[in-house]
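Student: Turn these sequences into a full structure, and let the hints steer you where they fit.
Protein chains: 4
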Amino acid sequence: MDKQLDLSVYAVRTDLALEAREMASRERSEEIPGVRFHSEEENGITVSKMVIETMEGAERIGKMPGRYVTLEVPGLRNQDSELQDRVATRFAREFHAFLKDIGIQEGDSALIVGLGNWNVTPDAVGPMVVENVLVTRHLFELMPEQVEEGYRSVSAVSPGVLGITGIETSEIVYGIIEKTRPDFVIAIDALASRALERVNTTVQISDAGISPGSGVGNKRKPLTKETLGIPVIAVGVPTVVDAATIVHDAITYILAHLGRQVKEAKNPKPAGRLVPGGFTFPGKVERYTEEDMPNEAEQKAILGMIGELAEEEKRQLIHEVLAPLGHNLIVTPKEVDDYVEDIANIIASGLNAALHGAIDMENVSAYTH
Amino acid sequence: MDKQLDLSVYAVRTDLALEAREMASRERSEEIPGVRFHSEEENGITVSKMVIETMEGAERIGKMPGRYVTLEVPGLRNQDSELQDRVATRFAREFHAFLKDIGIQEGDSALIVGLGNWNVTPDAVGPMVVENVLVTRHLFELMPEQVEEGYRSVSAVSPGVLGITGIETSEIVYGIIEKTRPDFVIAIDALASRALERVNTTVQISDAGISPGSGVGNKRKPLTKETLGIPVIAVGVPTVVDAATIVHDAITYILAHLGRQVKEAKNPKPAGRLVPGGFTFPGKVERYTEEDMPNEAEQKAILGMIGELAEEEKRQLIHEVLAPLGHNLIVTPKEVDDYVEDIANIIASGLNAALHGAIDMENVSAYTH
Amino acid sequence: MDKQLDLSVYAVRTDLALEAREMASRERSEEIPGVRFHSEEENGITVSKMVIETMEGAERIGKMPGRYVTLEVPGLRNQDSELQDRVATRFAREFHAFLKDIGIQEGDSALIVGLGNWNVTPDAVGPMVVENVLVTRHLFELMPEQVEEGYRSVSAVSPGVLGITGIETSEIVYGIIEKTRPDFVIAIDALASRALERVNTTVQISDAGISPGSGVGNKRKPLTKETLGIPVIAVGVPTVVDAATIVHDAITYILAHLGRQVKEAKNPKPAGRLVPGGFTFPGKVERYTEEDMPNEAEQKAILGMIGELAEEEKRQLIHEVLAPLGHNLIVTPKEVDDYVEDIANIIASGLNAALHGAIDMENVSAYTH
Amino acid sequence: MDKQLDLSVYAVRTDLALEAREMASRERSEEIPGVRFHSEEENGITVSKMVIETMEGAERIGKMPGRYVTLEVPGLRNQDSELQDRVATRFAREFHAFLKDIGIQEGDSALIVGLGNWNVTPDAVGPMVVENVLVTRHLFELMPEQVEEGYRSVSAVSPGVLGITGIETSEIVYGIIEKTRPDFVIAIDALASRALERVNTTVQISDAGISPGSGVGNKRKPLTKETLGIPVIAVGVPTVVDAATIVHDAITYILAHLGRQVKEAKNPKPAGRLVPGGFTFPGKVERYTEEDMPNEAEQKAILGMIGELAEEEKRQLIHEVLAPLGHNLIVTPKEVDDYVEDIANIIASGLNAALHGAIDMENVSAYTH
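Note that the protein sequences, when read in sequence, are chains Y, V, E and F.
The first sequence maps to residues 1 to 369 in this note's numbering.
The second sequence maps to residues 1 to 369 in this note's numbering.
The third sequence maps to residues 1 to 369 in this note's numbering.
The fourth sequence maps to residues 1 to 369 in this note's numbering.
What the hints contain is simulated information worked out from the structure, not anything from laboratory work.
Keep in mind that a hint or two might mislead.
Same chains, same label: a pair holds when it works inside one copy or across any pair of copies.
[What the hints assert, rightly or not] Computed list of lysine to any residue pairs in SDA-like fashion (alpha-carbon distance at most 20 Å, straight line):
1. 179 with 224
2. 300 with 211
3. 221 with 139
4. 300 with 310
5. 221 with 142
6. 179 with 226
7. 221 with 140
8. 221 with 141
9. 179 with 163
10. 179 with 164
On a predicted model such as this, the values are computed, not experimentally measured, just so you know.
Tutor: Have a look at this one:
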């Protein structure tokens, strides 16, 4: 393998800042300069807050500067409606706090944009949220005196995707914003994750803007505070992962697994930072930590030539092998229909409660169906 | 009944210029000044062409000046796929000629707007057409050199309705037009008819503009050449009728039916103009003509006091009776799901063939599904 | 019109025993022998209980002997979720009492059959209920020791319709019953009503059996206690009405309306039995009573020749007039999608609470979505 | 790793006999006794025919004795409608020949059973086929004299799954067969494949019977000629693959890829049998052959300890690593909605043409939508 190659195309794609940070900090356990990070787990819901404060930090992580709040709830896989209600409530609280943090006022009007293709289930989370949010702008426009206290003006659109409309998503959104003049935008989108267990169990809130669709060439226009002139809050849900990433991470886990077996003979209680992507399923799953990883000699013993490759080289190799076989597909869990519907309902319920003071945050699901 | 009342709210609502003309010319058989009209039937498809040339004509009929082409195909009720193909082909030809007549050039770019609520089947014909038209604008934008001869730039959106988005449909459409600068707009919408047999069997093409939705107060903004600065071609399909109209027309038919029975003793072969709404089902149905209608004395004999009422008074009475009973609903045929899907496919197929020279007008249905 | 004709084909079709009784008792206000009837309204929900005890009563009404419980809730048109919850709760209570009355025990196993065509929205109420009921039979079969107290064995199928499967619905149901041996059957079906305001606002529970579909010839086999050997409880919702019935009833209402106007000069407060089909919208609508109806001479004055016709003759005339015009369609309200979904959810919630003691009857909607 | 363990739970799951045979014959290139196999590719469609003739062969492969015909069409990923038509035509021809081979007569009546859960897209291929096949049995029952020449009696049902109905699928099917007495059964089902590139691009026809659903304990009853007394033809489409299999096969490909690189220094043109799962994408993809596989010493050099593991041990290791991380999900390609719809249409079209002589096998898609 030619190390001179530009390996960027082989980079694992992730839309989650949380994962990007894990990948960036893998080799070192020290803090990343310009990046603040805090994470805590409570009752099956892990909430992580990250602020990328400097361009240096942004470059290290490969994500734009801004705030990122991530909710991880592995238990959502079990389709437990009591947990779903708790997640909606927690999401509402975090979203409400996020609005405050970035200076959105109680009376500011919102435009909710459901990005993605409603005909492709794993891409339909945005349009599904839009179908279920409480829309009030027309009431404020037509009979403002009749709107009760505790509601703000909310409008919502699903602009479709380029292949359906023939129009860049951004152009539609720009046009609607110019005509309707909302005070801020909430953009919901499906994301790619690098870890299968995060798919449909994770929600990311960010004010760093969003680039909808897979625009070609220079046509792709982002939705950001800079381009729109108003705050943009992106809410993203990973719903897919690519097969090469599944393979790459599995090999990492095999190394950690065998590395730990070697070490456990001597040292029975491993602890420390997570291996990238090695999310902790509270009370349910193994966790591998950096300490589990075998050293270079051990890696060679375990995986031979492959064990000697750098991360980038491993990824390149996997791509080289899978792509020509037609194996490098983007995949989603078999139960995608239910999972996407569930998480869209959680987000819609949470947004309704966070946006309208009149909606009880403890009973968020009553306003959606 | 107080004849001083403003009876306009009791007027039979129709979005079809064809029906409006029938109603306006009922009492007289002479031509309406400022309105040209021609109709011909071929093989189960009746094509009527009307031009409202003057404001006088517009006022008489109650429709804006402009061109109106109407296809009536009662046989569509039978869901015969051979007939559906013929209708799509005929629609393509009429639409293509219409474009030419109003000065649209082969290379002019089109924006297709699917008006209506996709969650209400009888209102979903516009969004269904949009799902099935061939969209090409992104190809012209991203790789113009690769687009084959015989295609024009077409984009398509379904802007939703006020209750779903919180935004006036017109505002969304205006915004998109400003950003994407199409040369003309095609707006597809579901209409109300006054005749149950026209529901889902009729298509109207017009350049007189369209006022989407049930806007309240002064907010309602039309989509017209005047407001948008580019030609607007409306394609409408009646999918609903209100119960009071069903009753009113049935009473008219009862009069005509019994009037004819009286006359047929003397004169066995009635002929002449149709009774309003009395569409001719080719080879299948009765037709009532103005000659069948009983005279005033006969009307009184047949229908007593009711027979003495003027048209407007009859309508008012029916409204007065049905409304408080909760009987004055807007209704649609039971088979609405199939009918709306069928006619949306016909329109999408026809538009594809009419808009793109490369699509064979004899095989229009191959490009939709 | 030839009075010798068999007029049965012109009879107004209704699947509601409540309406059949109204029609049968129209001319006389006395009780119908062999038929017990009681009705009461509470808070927007009218519950009527009828028992047809004798074959004489059955013949008079044209419905099979048995129990009929009907809930009428005109306010359901307003899609008020608080009312929907109350209706589900009331339906649960009435259904639970009905089970007791006909001798079903707490532990008896149920098969729920969703009759109708899921591709035709007004016919899909049965399949929609089946999608939302709590199914437990497999748990009892596979791990009986793990099923909590308070549940009974419930299975559920939607057998489709003849045009989709090629098989008589009854044959499929018979086959499944023989294999699974439930203790009783609950069959959900869409009905035809004769009154537009009852469409999607009424539920009928009956133990008189049901004949699914529009079977041809002698092939049609009913689902009854006699044919199946186990109790059959039919739950029906009127979702359609035919246009001729709309017209016929409107003419009756016109007579009552004008008759009342004549009488009110003398007698300001009408009272008494309802005119057939003249449902009372609590606090919202007019009611016409038999006393409003004009006498024969008045009818002739109001409606001339038409006023002189007997009921059957009027119906025949309307059919004769509308059918050849293609006007005699079966129709459903425009908002059919929402209405059918709402009432299916109410029935599913109510069945869940009525069938399983463990489900709180005050919070019935928590188990469906 | 404890070699004493029962490794069967770690076995790669495949429902495709083609893949089972590849796996069984991996270590040896000789023929499998009792198994006849022939495969040929034409114009992008590979048709393989296998007959498992003896119990010895069945045990070696792990599939029941019987005939298996497999169509592999990797190009279906491209959603090319011309190719889809060709595949439908080829499937019709193969299915027609299959019917003949197993002794089905032209006039024999068929019951088509769409297995699987219509609410889970990757599991909905059976129900989708049933929605699109031409059903005729009711015509034969009700008006046999009017059915044209060239049609046979076909009925079709989707029995649902245990979690929806509470009833074993087999019980429903047994019940319907007893009531309707078809001459043979065609059961359509979604399968699991072990190779991502076969997902939604492969169809298997077999007369070896089928065990619907994931029955628990001994309750699971197969649909076979033995249990039903009539021939059962299973038509299966792989729509999912499990993540562990993706990883396992990727490791095999990495070995083959690097093994080939070593060998190509000496021997530029590899040829021979495919590596299991290493499907040839005609004109598009790499193929790895058994000759590419490195020898034991090379495997150890390439993959270290992992390279020394036997196949079963490798699989066990991957399971051990992925399962506790929540990574061992069943996945499907992101575009599952379109892919499943496409292949369901192909099968429905093909069945219509194969079952009814009157349907032109060259224009198979005209009868579905």
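Student: Work down the list of hints and note, for each, if the structure agrees.
Tutor: Hint check results:
| no. | hint | in the structure |
| --- | --- | --- |
| 1 | 179 with 224 | both (18 Å within a copy, 18 Å between copies) |
| 2 | 300 with 211 | neither (41 Å within a copy, 45 Å between copies) |
| 3 | 221 with 139 | between (32 Å within a copy, 17 Å between copies) |
| 4 | 300 with 310 | both (12 Å within a copy, 19 Å between copies) |
| 5 | 221 with 142 | between (33 Å within a copy, 14 Å between copies) |
| 6 | 179 with 226 | both (18 Å within a copy, 18 Å between copies) |
| 7 | 221 with 140 | between (31 Å within a copy, 17 Å between copies) |
| 8 | 221 with 141 | between (30 Å within a copy, 14 Å between copies) |
| 9 | 179 with 163 | between (24 Å within a copy, 18 Å between copies) |
| 10 | 179 with 164 | between (23 Å within a copy, 17 Å between copies) |
The structure fails to meet hint 2 from the earlier list, while all remaining hints are met.
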